[in-house]
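A.B. asks: Please work from the sequences and hints to get the whole structure.
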Amino acid sequence: MNLLSFFTNAFETKQPEKAEAGSHWIKCKSCHSLMYYKEVENQNYVCPKCGFHIRIGVDERLKLLTDEGTFVEYDASLEPVDPLKFVDKKPYKKRLEEAYAKTGRKSSVVSGECEMNGVPVQLIIFDFAFMGGSLGSVEGEKIVRAAERAIQKKQGIIILSASGGARMQESTFSLLQMSKTSAALAKVAKHNLPFISVLTDPTMGGVSASFANLGDIIIAEPGALIGFAGQRVIEQTIGSELPEGFQRAEFLLEHGSIDMIVNRNKLKKTLSDMLTLLKKD
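In terms of our numbering, the sequence shown is numbered consecutively and its last residue is 386.
Where hints are given, some of them may not hold.
[What the hints assert, rightly or not] Listed below are the simulated BS3-like cross-link pairs for lysine-lysine, each with C-alpha atoms no more than 27 Å apart in a straight line:
no., residue 1, residue 2
1, K259, K373
2, K207, K168
3, K154, K259
4, K295, K168
5, K258, K285
6, K292, K259
7, K374, K154
8, K259, K374
9, K132, K207
10, K207, K194
11, K168, K154
12, K143, K374
13, K259, K134
If you're looking for bench data, these hints aren't it; they were derived computationally from the structure.
C.D. replies: Right, dumping it as structure tokens:
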């Protein structure tokens with residue numbers, strides 16, 4: 106065996122061991138601490154060292170917020186179409202197929218009904234793993250239908266946003282969802298039913314410019330990135346530097362753009378308490 110073959114074989118035998126060992130540990134992006142994965146999981150993916158909130162998916166959100174066995178999903182069969190036959194680097198249909206293969210879902214929104222500490226509510230959760238949680242026609246329709254169910258059943262509605270904004274592949278069809286969802290939530294308000302908006306990391310673009318900032322109560326997770334355009338784009342537009350962290354939840358709270366910041370571990374109780382306080386008979 107020559108020297109090159111020796112090192113190649115040695116690397117191949119050690120590589121699976123590294124992969125296996127690495128799966129048990131997670132590194133915090135904020136404080137860079139290396140922690141045992143189960144420890145972080147037990148803390149609902151909040152760093153026990155510095156409190157950094159690691160991004161989580163829909164399944165983790167449902168487990169965190171809903172009473173066990175109470176969540177019923179609606180409109181899961183709705184799926185996007187491609188009216189513009191849009192193609193950028195890939196055809197839109199191809200991107201949808203890839204997103205479905207990745208998440209097992211047909212859209213970036215999961216909508217349903219559940220109980221939170223015994224309080225019934227219509228719950229909508231954005232899945233950032235599905236095309237960046239982008240807002241398209243199906244997502245808008247799911248939100249509108251959830252608003253209609255809230256009115257029919259006299260329940261509050263909660264939307265957890267995690268989105269990069271409107272879905273460019275649907276062009277104007279996507280942009281129309283901003284007004285469509287806002288109008289539907291205005292009807293909820295006319296019936297004196299609470300709408301609570303929860304902004305998670307990230308909540309950007311058309312989502313932040315529409316329903317995400319229309320809640321009776323606007324809650325954000327610690328450190329969440331919230332805004333319309335990115336910092337670099339804004340700085341280039343106005344020709345000056347922006348304050349550090351100006352699009353983070355803490356800055357927005359300080360300047361009155363949101364109502365509160367709630368640690369993920371306390372979110373369920375906070376939401377159920379707010380639903381009870383805001384609901385009017």
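A.B. asks: Take the hints in turn and mark each one as holding or not.
C.D. replies: How the hints compare with the structure:
Between K259 and K373 the alpha-carbon distance is near 20 Å, which keeps this suggested pair within the 27 Å criterion. Taking the CA atoms of K207 and K168, the gap is near 20 Å; set against the 27 Å cutoff, the hint holds. Straight-line distance between C-alpha atoms of K154 and K259 comes to about 42 Å, which puts the hinted pair past the 27 Å bound. As the CA atoms of K295 and K168 are separated by approximately 31 Å, the hinted pair breaks the 27 Å bound.
Among the hinted pairs, K258 with K285 is consistent with the structure: their alpha-carbon atoms are about 21 Å apart, no more than 27 Å. Simply put, K292 and K259 have alpha-carbon atoms about 12 Å apart, close enough for the 27 Å limit, and the pair holds. Restraint check for K374 and K154: satisfied, since their Cα atoms lie roughly 23 Å apart, inside the 27 Å limit. Pair hint K259 plus K374 holds up; C-alpha atoms about 20 Å apart against a cutoff of 27 Å.
Restraint check for K132 and K207: satisfied, since their Cα atoms lie roughly 23 Å apart, inside the 27 Å limit. Distance hint between K207 and K194 is fulfilled; the C-alpha atoms sit about 19 Å from each other, no more than 27 Å. Distance check on the hinted pair: K168 and K154 sit about 23 Å apart at the alpha-carbon level, within 27 Å; holds. Of the supplied pair hints, the one linking K143 and K374 holds, its CA atoms being roughly 23 Å apart against a limit of 27 Å.
Between K259 and K134 the alpha-carbon distance is near 42 Å, which puts this suggested pair outside the 27 Å criterion.
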